[in-house]
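Chains as they are written, first to last, in the working numbering: chain E, 1 to 320; chain W, 1 to 300; chain U, 1 to 327.
With a cut-off of at most 20 Å between alpha-carbon atoms, the simulated SDA-like pairs for lysine to any residue come out as follows:
1) E:K282 - W:S157
2) E:K282 - W:A153
3) W:K62 - W:A74
4) E:K282 - W:V160
5) E:K282 - W:N156
6) E:K282 - E:L44
7) E:K282 - E:M34
8) W:K62 - W:A82
9) E:K282 - E:W30
10) E:K282 - E:M86
11) E:K282 - E:D63
12) E:K282 - E:V87
Part of the chain W face toward chain E, derived, beta carbon under 7 Å:
13) I145
14) V266
15) A270
Treat the hints as calculated values from the structure; they're not laboratory data.
Owing to the predicted nature of the structure, the values given are computational and were not obtained by experimental measurement.
All C-beta atoms, glycine included, are put in the ideal place defined by N, C-alpha and C.
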Amino acid sequence: MRSAPLLRLLATRVVLAALSLLVVSVVIFWCVEMLPGDTAQRMLGRDATPEALARLRAELGLDRPAAERYGLWLAATLWGDLGQSMVADRPVADWVAGRAANTLTLAGFALAIYIPLALALGLLSAAFRGRPLDQAISVAVLLGMCVPEFVTGLLLVSVFAITLDLFPPLALIDQAQDLGDLLHILFLPALTLAIAMTAYAVRMMRDNLIEVLESPYVRLATLKGLPRRQVLLRHALPNALGPAVNVTALNIAWLIGGIVVVETVFNFPGIGRLLIDAISVKDVPVVQAVALLLTALYILTNLLADIVVIVLNPRLRAGA
Amino acid sequence: MAAAAEHAPPTAAPAAAPARRRPMAEAWALMPASGRVGLAMLVVYAAVALTGPWWAPFDPGKIAAGPPLSPPSARHLAGTDALGRDLFSRVVHGTGAVMWMSLSATGLAVLAGSLVGLVTGYLRGWIDEIVMRLADIMISIPPLIIAVLVIGAFGNSQTVVILIVALLFAPRVARVVRAATLGIVTEDYVTAAVLRGESALGIAVRELLPNVTGTVFVEFAIRSGFAIMFIGALGFLGFGAPPPTPEWGVMINEGRRTISAALWPVLAPALAMAGLVLAINLFTEGLARVIGRSPGPATH
Amino acid sequence: MTAPALSIEGLSVDYRAIAGPWVNVVSRVSLTIGPGEILGLAGESGCGKSTIASVVLGERPAGRRVREGRVRVAGTDILQLAPRDLQPLRGRRLALVPQNPSQSLSPGMRIGRQVAEVLEAHGAARGAEAERRAAGLLAEVGLPDPERLARRLPHQLSGGQQQRVVLAMALACRPALVVLDEPTTGLDVTTQARILELLADLRARHAVAMLYISHDLAALAQVCDRIAVMYAGEIAETAPAADLFARPRHPYTRGLIASVPRLDRPPDPAAALRGVLRREVLPTGCRFAPRCPAAEPVCATEPQRLDAAAPGHAVACRRWRALEPAA
Chain E
1 MRSAPLLRLL
11 ATRVVLAALS
21 LLVVSVVIFW
31 CVEMLPGDTA
41 QRMLGRDATP
51 EALARLRAEL
61 GLDRPAAERY
71 GLWLAATLWG
81 DLGQSMVADR
91 PVADWVAGRA
101 ANTLTLAGFA
111 LAIYIPLALA
121 LGLLSAAFRG
131 RPLDQAISVA
141 VLLGMCVPEF
151 VTGLLLVSVF
161 AITLDLFPPL
171 ALIDQAQDLG
181 DLLHILFLPA
191 LTLAIAMTAY
201 AVRMMRDNLI
211 EVLESPYVRL
221 ATLKGLPRRQ
231 VLLRHALPNA
241 LGPAVNVTAL
251 NIAWLIGGIV
261 VVETVFNFPG
271 IGRLLIDAIS
281 VKDVPVVQAV
291 ALLLTALYIL
301 TNLLADIVVI
311 VLNPRLRAGA
Chain W
1 MAAAAEHAPP
11 TAAPAAAPAR
21 RRPMAEAWAL
31 MPASGRVGLA
41 MLVVYAAVAL
51 TGPWWAPFDP
61 GKIAAGPPLS
71 PPSARHLAGT
81 DALGRDLFSR
91 VVHGTGAVMW
101 MSLSATGLAV
111 LAGSLVGLVT
121 GYLRGWIDEI
131 VMRLADIMIS
141 IPPLIIAVLV
151 IGAFGNSQTV
161 VILIVALLFA
171 PRVARVVRAA
181 TLGIVTEDYV
191 TAAVLRGESA
201 LGIAVRELLP
211 NVTGTVFVEF
221 AIRSGFAIMF
231 IGALGFLGFG
241 APPPTPEWGV
251 MINEGRRTIS
261 AALWPVLAPA
271 LAMAGLVLAI
281 NLFTEGLARV
291 IGRSPGPATH
Chain U
1 MTAPALSIEG
11 LSVDYRAIAG
21 PWVNVVSRVS
31 LTIGPGEILG
41 LAGESGCGKS
51 TIASVVLGER
61 PAGRRVREGR
71 VRVAGTDILQ
81 LAPRDLQPLR
91 GRRLALVPQN
101 PSQSLSPGMR
111 IGRQVAEVLE
121 AHGAARGAEA
131 ERRAAGLLAE
141 VGLPDPERLA
151 RRLPHQLSGG
161 QQQRVVLAMA
171 LACRPALVVL
181 DEPTTGLDVT
191 TQARILELLA
201 DLRARHAVAM
211 LYISHDLAAL
221 AQVCDRIAVM
231 YAGEIAETAP
241 AADLFARPRH
251 PYTRGLIASV
261 PRLDRPPDPA
271 AALRGVLRRE
281 VLPTGCRFAP
291 RCPAAEPVCA
301 TEPQRLDAAA
311 PGHAVACRRW
321 RALEPAA
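Okay, chain E solo, but in the shape it has when bound (with noise of 0.2 Å):
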């Protein structure tokens, strides 16, 4: 069969993909292990009887062997048993899911900002190197990768909220009341997050699309007589777009962790500060599920970024 090696390609990449997974779980579990101070202490305070401390350690489970109560975290969570939270006395899986939600949106209005910037910024200072428009575009990118996204998003809340007080400071989602009012609200964090995404990503198109504009193929695209615009959208884009895309997946990968950082400055309640928030108040379950969320979205993205990377090309795809 031609599509056999294809098939078994990405067949090793979803078991990589899982055995990453299963490991980082571990990772997870042990670090979470490792916050300082016991959680049936900190559930109780500090003047509980060592009796009472006792009684929840057994009830909790935390007397067992640590490989044992992994094995049980793992079951419970791959059941979709997030447990409850230790602190808001809620269920876990709740408040995650509410979080991730918000999270969520803020991540694709970003990509969507982030995609037709890229590409436009890409194929312009292609398309007009070395002239003024490409020498401007190459400055910004220097510096849109020189600037840290937390800096970015606090000049952006210092100029646009504070000074000219077009878009509101902090990120609150929750006081929304329709979508105009959303996208408002979730503007100056998106744009951030676009903004780090943009220079990595244009940098990159400039470059493929160089090396593909000096190509034979291209040549004679324009040797037939077809209009620059054709010969750039039609046969130089299509064959930059297979890095792009893998650019694109490597920024989605950190918008992963952008997106803690970003959700910080702007006060946004994401899964990203409700990580931060649960760490420093030792929020057990709520850590290990959140942390294991990210993990697998990024692994994720990583995975269907090799899929696409592989099936965007032509002679993989024939199975040549």
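With chain E held as given, fit chains W and U onto it using these hints.
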């Protein structure tokens, strides 16, 4: 087009020639102006990091060195923060901590990564297979999430930050160095060394290492830029250097609470950080040009 | 149409690396190709053949300048045209068959589409009609089962098939001039021979003028009416193809011909070329002098002019009469 390549006289970016030791003067001559500017900025940063504590006008922790949130002036070059601490002195004092943490973390990562990459690229076979799968798994861990967890578990200390960042970066370096090694391992001069009966270690050190040095240098330069931003983000989230250290990410986090009243407590450390990353980026690009290697896939 | 398909007058072209000095690569070259004529342009790599092709096609890369001369394709002055006016000319009046067909087809686009595009760009046909005519063009260049082939991607074709596809694209709009830049390099000998047969066949049917660039004299001999031999950016000799092989007059041409392996006679080491072209040490006189077996000291200082040796046969060697074999 072919004719252009045929006729053009040798241009200024020769491919990394096998084991050709380039004198410093020649490297400097090949370095584009932007790279030289980057290097000059780095020298200034290093000088500030090393000597700053002796000439900074104020003690970085001195509260009420001036009125709180006072704007930049002759007395307080970068203004003061909400506690009236002198921001310029804090930024100057922080330079050492920032550079020490990021450079030593990157140094460790590059050292370990290069060694692993060199050995696996040379040996290939099942060892390579296993080590690279392990590296794949380590790379598939989201860096910031794991860093925050580990630092949460082991406490904020410069050592923990350095070690975790090194651990996260090392497999990425190993991949790049391994790819570079695979590219040269089939070259004739390596085969010749094998036929001469040189030991594996001898080949790795004498034949392979000199020819991946360029890759290793560029890798170090790229990664240190990322390390500064990464450690800055950790500091900003409260997982960086412990509080008395005037680390820039920590300062930015402190400054953001009063951002509606004053921008400079954020701006001063932010500019210092952006300048340092810019210097590294410019220098990296220049270095890559000298070595004849593209700076490689830029990832955060 | 009475205008020649291509007329090049006194063309000189220079190149330079970034901020380097200008280096001359084509010097005072004049060539004419009549309607339906095939002119071969021969010479070692680096002699300026591909540069001439690129100038004729209207390409203007950075780091290259046309110092002097005129280039007219079917009467239109290529060097004076704005880029906007070049585009409708390309593919319609003037087409290229490039050196490396495997890299000259867009990797992700189906063959039929790539041929149809040419027709659409010049308003010859649209959509399904363009696709149908593309299949017809593929059949014309001898590709079997063109409908099925049209749906394939470039990498699914053999090198010979790819070259035929590129040829079909070049001929799609029946241009006045097709530039073939080393069209058979990289193909195996059998495929090469079949492409050459196809070319001979196509010119017999369509009377399209061609500028055929190759270092391979044997290939040129099969399809060309006339051949121009270049050395170091200058024309050394031009002659009708048969005449050039029967009575080569320039020592360089003789060397080239002697370098072609032949079964019917032993190689002649005396006539074969010595050394290689070194552009950095060109003499002010005859550029071939350093490698010429018949050079006299004055050759290196006295510039050569093309001299009519016979009808249609010109040679740029001051000693050509002295070197004539006693007949």
